[in-house]
Amino acid sequence: MTLDISGLSKTYGEFAFGPVELTVGEEVLAVLGPSGSGKTTLLSLIAGITSPDSGAIRLHGRDLVGRPPEARRVGIVFQEGALFPHMTARENIEYAAETAERVEELAAVLELDDVLERRPTALSGGERQRVALARTLATEPDALLLDEPLSSLDAPIQKRLREELHGLFASLAIPVLYVTHDQRTATALGDRIAIVRDGDLEQVGTPSAVLDRPASRFVARFTGNENLFEGRAVDRTPDGLRIEIDDLDLQTTVTDIPTQTATACIHPSRVIVEAPGDSEAENTVTGTVVHRLNEGGEYQIDIQFDRVDRTLTASVRPPTVERLSIETGARLRVRIPPESIHLIPA
Amino acid sequence: MATKTDRSSATAIGLDWMSVTLVLGGVLLLYYVAPMVTLLLSVPTSDVVAQMSDPVVVSAAQTSLLAASISTVLATLFGLPLAYWLARTDGFAPKVILAVVVLPLVLPPTVSGIVLLTVVGPGSPIGTAAGSVGLPLTRSLAGVVLAQTFVASPFVVVTAKSAFESVDRTLEYASRSLGKSRWTTARNVTLPLAGPGILAGVTLAFARAMGEFGATMMVAYYPRTMPVQIWVAFKSLGLDSAYPVAILLVVISVVALLVLNTVASNPWE
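Chains A and B are the protein sequences, given in the same order. Going by the working numbering, the first residue of the first sequence is number 12, and it counts up by one from there. Going by the working numbering, the first residue of the second sequence is number 2, and it counts up by one from there.
Since the hints were derived computationally from the structure, they do not count as laboratory data. Just so we're clear, the structure is a prediction, and the values are computed from it rather than from any experiment. Hints are not guaranteed to be accurate.
Among chain A residues calculated to face chain B with C-beta under 10 Å, some are [to be verified]: (1) 81; (2) 82; (3) 87; (4) 88; (5) 91; (6) 92; (7) 94; (8) 95; (9) 107; (10) 143.
Idealized CB from N, CA, C, for every residue including glycine.
Modelling step: build the complete structure from the supplied sequences, incorporating the hints.
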């Protein structure tokens, strides 16, 4: 089962979507982008809620463009679930299911047995989304679309449901498109991630490819990588290019780039912080902590370099923060492993 | 602190704005309620009950109820699809069509009657044709129904339109993505959810049809409906003899109001 999208475009007033080329196999594609970037438009076009200006959508060889939503065999789970408020959870699922056994089967898989007789208003946010998912899966769709199904839920429920979805998606042999603006959800659930920006696909790749080797500054920033430095390739060593950022000279493992100048991109989680030492080994820089932010599982530390006027952000685990007594004003040495420097050609 | 100063200056006058609204509004409320009370007090209950069995009154009540019921059914039958179309179509066309729907609401009823007579009157082609097959469209129950439907059906369309609009379109898309046709979706999702609003429109249309006087007078003076009967009684025998039917109509109006505020969703709430 493959979803093939080619030359798909749609214009609403000022906003232009596409043209988009995309192929989704039996996998989960997380569609990640800021609000207003066209993520929902993509889903609406596939589901038949909006018709494209041009382009083709083929699912399992069938052309979907021109078909009404009811004839597409495309299941969609909406942000708030879109459960029918005048029906109980069971009636909602029964509305879509062919047989009563299917309802029981899905209720068991999604742990809904206890809430089947309740109306949507009496369900919690998480239960509502599980019922919505059961209802959509009851039709045995050829493709599954999800539009930010977790975004309105509290963090703990979001985390639990994310884990459940991960398991569930693995059991589905259909293309799954999961729209989200949350990078964590995208990396956790997506076999691949598509980054959407202003109606276009900016990058499509595995979570590690998108996170570690962003194709543009936008992708880097949107996936939580604030460390972007303009630099110049100055030397080619057997290990890779050396890049100069002002007075700072860094060794990379990048073999070649098409341009002289490039943006060096260093993911905060790849930066290693150490106690300040005398010697400056390769790819180490000393600096002062100018800002410390506790994000729960880890700290975001901003370090101002001594030699050049640059600030680097590092994600540091609490034990390291405690061991090195990292606080604002503390002195630190930062080591940037050569393999963690990614270059975006200018 | 600007807000504090404002508050103290308001209390200094001694009358705050809420009290003013209450007093002014109260005058109007009294103006609504007092005539109802005086109407009910003006005739002894026994007289009213006695006059209720007067064949003329009974016949007027029957005509009104029958004609208003038929008008309401017609208004619903043709009004609901139009309301759905208006609620689910974007662009300029629905705006123009809505204006046409609202026209009978703003048109003086007697003018509605004249307009209708140009189409179904005895001299018109349609009126003549209908008359020749024994179904006269004026001075007949059909005439009453035509006049009432013209004046009352916009209530169904306008109220049901907003009821349909209040149903989230996402629910319809959800239903259709589950493989259900537009019709199945409308029947199982949109109609039940818009139900109370539609019922409100139907109730308003029925109440309007029951009270229709101007257009009915012009198109079908006979058979007499209750409002026409009130006028005839008032003109020939004086105010007193118009009371029983008037009280009957007040009762029907109150029942309509009860329906609006209980099972239906009051569109003005």
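Here's how the hints hold up against the structure:
1. 81: Nearest chain B Cβ about 5 Å off; hint holds.
2. 82: Holds: closest Cβ of chain B sits about 8 Å from residue 82/A, inside 10 Å.
3. 87: Because about 5 Å separates residue 87/A from the closest Cβ in chain B, which is inside the 10 Å limit, the hint holds.
4. 88: 9 Å, holds
5. 91: 8 Å, holds
6. 92: With a minimum Cβ separation of about 9 Å from chain B (threshold 10 Å), the hint on residue 92/A holds.
7. 94: This interface hint holds because 8 Å falls under the 10 Å limit.
8. 95: Since chain B brings a Cβ to about 6 Å from residue 95/A, closer than 10 Å, the hint holds.
9. 107: 4 Å, holds
10. 143: 8 Å, holds
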